[in-house]
Amino acid sequence: MRHLARHLPLALTLAALALAPAPSCAALGGDDGGGANLPNRGIGPWDALDLDGALLLSPPVGGALGEPSALADDGGIRLFVDETSDGGDVAVVAFAAGADGTALTRVGPVLAGARDPSVARDAGGGLWMAYVDDATGAIGVAEAGADGAFTARAAAAVEPGADEVVASPSLARDGARWLLYYTLVRGGDAPVIARASAGDDLAFAFDAVVLSPGEGCVDAAGAEETCWDAGSVSAPEVRVAVNEAGQRLYRMFYRGAKASQGDLGFAASYDGLTFSRYPYNPVVDATVDLDGPANVRVGDRFLLYWHETRSSSVSGLGGGQNDAGKPSERF
Amino acid sequence: MTHRVIAGAAALLALAALARPLPARANPVDAFGMSARAVGLAGTYGALTDDFAANYYNPAALASLDDMRLELGYILVDPTLELNGGDLDVDGVNGIQGGLVLPGEVWGHRIGVSVALYLPDDRLTRLRALPERQPRFVLYDNRPQRLVLTTSLALEIVPDVLYIGAGLTYLSDTKGSLDITGQVDFEDADGTDLRSAVDVDFQAVRYPSASILVTPTENLRFSLTYRAPFDLSLDLRLDVHGDIVIGGTTDDPVPLVEDATLAVTSKNANLFSPRQLALGAAWVADDGSWDVAAEVVWQQWSEFRSPTARVTIALDAGSLPLSVPPTAPPGEPGFHDIVVTHLGGEVDLVRTAHVRLIARGGVFYEPSPAPDQRDKTNYVDSDKIGFGLGLGLELSDVTPVFPKPIGLDVSALYIHLPSRTYTKDDPADPVGAYVASGHFAGFATTLHFAF
Numbered sequence: 001m002r003h004l005a006r007h008l009p010l011a012l013t014l015a016a017l018a019l020a021p022a023p024s025c026a027a028l029g030g031d032d033g034g035g036a037n038l039p040n041r042g043i044g045p046w047d048a049l050d051l052d053g054a055l056l057l058s059p060p061v062g063g064a065l066g067e068p069s070a071l072a073d074d075g076g077i078r079l080f081v082d083e084t085s086d087g088g089d090v091a092v093v094a095f096a097a098g099a100d101g102t103a104l105t106r107v108g109p110v111l112a113g114a115r116d117p118s119v120a121r122d123a124g125g126g127l128w129m130a131y132v133d134d135a136t137g138a139i140g141v142a143e144a145g146a147d148g149a150f151t152a153r154a155a156a157a158v159e160p161g162a163d164e165v166v167a168s169p170s171l172a173r174d175g176a177r178w179l180l181y182y183t184l185v186r187g188g189d190a191p192v193i194a195r196a197s198a199g200d201d202l203a204f205a206f207d208a209v210v211l212s213p214g215e216g217c218v219d220a221a222g223a224e225e226t227c228w229d230a231g232s233v234s235a236p237e238v239r240v241a242v243n244e245a246g247q248r249l250y251r252m253f254y255r256g257a258k259a260s261q262g263d264l265g266f267a268a269s270y271d272g273l274t275f276s277r278y279p280y281n282p283v284v285d286a287t288v289d290l291d292g293p294a295n296v297r298v299g300d301r302f303l304l305y306w307h308e309t310r311s312s313s314v315s316g317l318g319g320g321q322n323d324a325g326k327p328s329e330r331f
Numbered sequence: 001m002t003h004r005v006i007a008g009a010a011a012l013l014a015l016a017a018l019a020r021p022l023p024a025r026a027n028p029v030d031a032f033g034m035s036a037r038a039v040g041l042a043g044t045y046g047a048l049t050d051d052f053a054a055n056y057y058n059p060a061a062l063a064s065l066d067d068m069r070l071e072l073g074y075i076l077v078d079p080t081l082e083l084n085g086g087d088l089d090v091d092g093v094n095g096i097q098g099g100l101v102l103p104g105e106v107w108g109h110r111i112g113v114s115v116a117l118y119l120p121d122d123r124l125t126r127l128r129a130l131p132e133r134q135p136r137f138v139l140y141d142n143r144p145q146r147l148v149l150t151t152s153l154a155l156e157i158v159p160d161v162l163y164i165g166a167g168l169t170y171l172s173d174t175k176g177s178l179d180i181t182g183q184v185d186f187e188d189a190d191g192t193d194l195r196s197a198v199d200v201d202f203q204a205v206r207y208p209s210a211s212i213l214v215t216p217t218e219n220l221r222f223s224l225t226y227r228a229p230f231d232l233s234l235d236l237r238l239d240v241h242g243d244i245v246i247g248g249t250t251d252d253p254v255p256l257v258e259d260a261t262l263a264v265t266s267k268n269a270n271l272f273s274p275r276q277l278a279l280g281a282a283w284v285a286d287d288g289s290w291d292v293a294a295e296v297v298w299q300q301w302s303e304f305r306s307p308t309a310r311v312t313i314a315l316d317a318g319s320l321p322l323s324v325p326p327t328a329p330p331g332e333p334g335f336h337d338i339v340v341t342h343l344g345g346e347v348d349l350v351r352t353a354h355v356r357l358i359a360r361g362g363v364f365y366e367p368s369p370a371p372d373q374r375d376k377t378n379y380v381d382s383d384k385i386g387f388g389l390g391l392g393l394e395l396s397d398v399t400p401v402f403p404k405p406i407g408l409d410v411s412a413l414y415i416h417l418p419s420r421t422y423t424k425d426d427p428a429d430p431v432g433a434y435v436a437s438g439h440f441a442g443f444a445t446t447l448h449f450a451f
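These protein sequence lines map, in sequence, to chains F and G. The numbering of the first sequence is this note's numbering, which starts it at 1 and goes up by one. The numbering of the second sequence is this note's numbering, which starts it at 1 and goes up by one.
These aren't lab readings, by the way, just hints derived from the structure by calculation. Fair warning: this is a prediction, and the values are worked out from it, not measured in the lab. Hints may contain errors.
Claimed, not checked - Examples of chain G residues toward chain F, derived with CB under 7 Å:
#1 Thr80
#2 Leu83
#3 Gly86
#4 Pro216
What the hints assert, rightly or not - Estimated spans, in silico, between C-beta atoms of each pair:
#5 F:Gly216 <-> G:Arg123: 17 to 25 Å
#6 F:Thr274 <-> G:Ala328: 23 to 31 Å
#7 F:Asp207 <-> G:Glu187: 56 to 64 Å
#8 F:Arg310 <-> G:Asp383: 35 to 43 Å
Claimed, not checked - In silico negatives: residues of chain F with every beta carbon more than 10 Å from chain G:
#9 Gly33
#10 Pro39
#11 Ser85
#12 Val93
#13 Pro109
#14 Gly137
#15 Gly145
#16 Ala176
#17 Asp219
#18 Cys227
#19 Asn243
#20 Ser260
#21 Ser276
#22 Gly316
Even glycine gets a Cβ: it sits at the ideal position worked out from N, Cα and C.
Hey, can you work out the whole structure from these sequences and the hints?
Right, here's the structure in full:
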């Protein structure tokens, strides 16, 4: 025992060396990890902006607001929306928003006689706007000047054909071409989403109908059911994005409806013509009518704005944000 | 000789256990290794094993050992596993490793008996079923998060040439049920009266392995180890039986449906380790001052089943128009078998009568068994390139109390996962494309006493 006692310190020292990390490491882990920083495409879910039940932006007394278009700048977000005054004049008004996307300061008007604006940048950073001409119903294109005001080009981008209505354009720059998605109504048919494209000459040519009202939906049991957007699809907002794999994507938020009340859904495409619906549509499902979605990414957050009609007398702009995980698409 | 008697008795007990029909064995050391020496050799250990880690790498080697050994150590592996450059904070592996090796002799043949333990700091085991679409590094989600307790028995068949061995790993399956009975008031919650009972069983399961060690010369060693597959399940069941009534708060409730039932079952099989066959070879110098080893391990990942819970719901509400749509079964993972290659070696840096300092190193390459994830699932994985580096210190005859060597092994481990890009067929896939990458960094220590 004397020998053992004499050499016990040696054994204990070696044992301490072998187990030294144990006490300090015992506190690590144990939090069921593995779920941090998951890829987030910014499709949903959308948490409504905390506005205490108020609208993000309400129209002037007696007037109305239309569909918004969002643009991310270095200084934050700019919203463009058509505003109808009490006197009935229509003008696109730019609203500057702060970095949080909720503090709005009125700027403008930047273009008169225009509805449903959609703003995009060209390769040089210049601003362009597609809009619906309030007088003719055609889709026009305007270019921003140094003072921020837009000047409309004389020629219409998309003239509605006989017995056609076009609305809600979405302008996107795609490499060396312009893409124009818009709502198309032919005769008494349900609204669909169509695309036209053009080079730098802005001579748009019709490409195809890219999204029609939903059909062929099945429930979880495999039984056929009416799609949430079986009645109409309209008001597209398409962004050309790049994902982490370097793939080019065409992200579309749109309005879908079974009947008169609309919700917001998402679809995407690899070629800009063949769109696939998000499996968990609609992504914004409210008890009020929603229209005119506008999506933007600011840092690690995605924001979605829309026009909502709460009643015949209450309407304006609402919005939501999604900041879960790590953004995986740039646009 | 006392320990040889103990070993003989233990061997008989182990033989009795082995005589029963058993399923398979596997453990988280598949991923990172067991014992500091094995970690330093990057897992190239089947033909070189001489410690408690033989329980995993090659049980037959236990019969070739001469000394009783008591070993204790620690392993820590910290993962940095990323999607699109963001760390998912996957749980690390850290816990105590150790074991006891008892050599002996039966009817003129050497035997060896051993027990080994890996005791995690954080949790004894984890079973969880993530949503099918949620990305996860599937091989590092649950697999390393478990306790390992193994026992092995080895027998020398041809003296100094041929040894055989077998081992058992003990684990627990979990099966639980919640039974609810009573009545449900269709209109008034106060009229609902339910009674519940919970029944959960942790059922012991055993998983075997077996191996052969051949030493045709003093220098040459071959090993062949079989490890059976392993798949822990978590089965949960909810049964609700009762009447649906109106006026449950009264003395005379009106039954709408008698003997209505709701049965929900969830079967979750996500702690899996594949069937393995490891073939190793080693060359040991005449004086034991250096050795080199190689090992190839076939792993049958094609048997990997979906880790997503299979949920079934059955509702019988009589004439009431209530139904629950069935949930879609999870898709098959489509993994494939792989072959892992290990290389390692050791050399004496210092060797005197009382002190021996050994340097060791190794490398392994493990291709990923996971296919591209082009559809709903996101079972993320990548190839692995692992490096081990270690030092071993042995002190011999330092005191009369410890005439046999006392040693301390310290090893570092680094595993690199090259970037792997996942894309989706559906451009509207909720998760979309992503790039997976990462690495593991860790170390292991083992203190060993020979008696």
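Each hint, compared with the structure:
no., hint, verdict
1, Thr80, "violated, 11 Å"
2, Leu83, "holds, 6 Å"
3, Gly86, "holds, 3 Å"
4, Pro216, "violated, 35 Å"
5, F:Gly216 <-> G:Arg123: 17 to 25 Å, "violated, 46 Å"
6, F:Thr274 <-> G:Ala328: 23 to 31 Å, "holds, 25 Å"
7, F:Asp207 <-> G:Glu187: 56 to 64 Å, "holds, 57 Å"
8, F:Arg310 <-> G:Asp383: 35 to 43 Å, "violated, 55 Å"
9, Gly33, "violated, 4 Å"
10, Pro39, "violated, 5 Å"
11, Ser85, "holds, 39 Å"
12, Val93, "holds, 33 Å"
13, Pro109, "holds, 36 Å"
14, Gly137, "holds, 32 Å"
15, Gly145, "holds, 37 Å"
16, Ala176, "holds, 22 Å"
17, Asp219, "violated, 6 Å"
18, Cys227, "holds, 14 Å"
19, Asn243, "violated, 4 Å"
20, Ser260, "holds, 26 Å"
21, Ser276, "violated, 4 Å"
22, Gly316, "holds, 29 Å"
Checked against the numbered hints above, the structure violates hints 1, 4, 5, 8, 9, 10, 17, 19 and 21; every other hint is satisfied.
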